[in-house]
Amino acid sequence: MKKSVIMLAMLFAFSTAFTSCREENKKEEVEMNMDEAENEMDEAGNDMEDAANDAGNAIEDAAEDTGDAIENAANETGEAVDNAAQEVEDEVEGNDDM
18 MKKSVIMLAM LFAFSTAFTS CREENKKEEV EMNMDEAENE MDEAGNDMED AANDAGNAIE
78 DAAEDTGDAI ENAANETGEA VDNAAQEVED EVEGNDDM
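Residue numbers (our numbering): 18 to 115.
Please keep in mind that the hints were generated in silico from the structure rather than gathered at the bench.
Among the hints, erroneous ones may be present.
Computed beta-carbon distance windows for the label pairs [what the hints assert, rightly or not]:
hint : residue 1 : residue 2 : range
1    : E66       : A30       : 57 to 65 Å
2    : K20       : N56       : 56 to 64 Å
3    : D85       : E110      : 53 to 61 Å
4    : T94       : D67       : 38 to 46 Å
5    : M51       : E81       : 40 to 48 Å
6    : D78       : E110      : 26 to 34 Å
7    : E55       : V22       : 35 to 43 Å
8    : D59       : A30       : 44 to 52 Å
9    : A75       : E96       : 52 to 60 Å
10   : N42       : A75       : 42 to 50 Å
11   : K20       : D52       : 33 to 41 Å
12   : F31       : D67       : 41 to 49 Å
13   : E96       : E57       : 35 to 43 Å
Heads up, the beta-carbon is just placed ideally off N, CA and C, and yes, glycines get one too.
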């Protein structure tokens, strides 16, 4: 009887040792992976937003540069027309004196 009690005690000790050392990291690992995926998605979203802002700023800068170029061209054209008109006027006045 002593041997059977010792055997049962040893069996109980081994079964307790194996069941108590069982790891339950699967749930924690899945949660960590989900958190990492969420963080990466947030970072990707932020990167996309930054890229969209950069593109918008580039478009605004290009529009401003184009507007400035058009304004400069209009001013230069106006000056050329004024100079041509002045030359014609000078010629007409010069011809009147002859």
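Item checked: Violations among the numbered hints, reported as their numbers in ascending order -> Structure breaks hints 3, 6, 7, 9, 11, 12 and 13.
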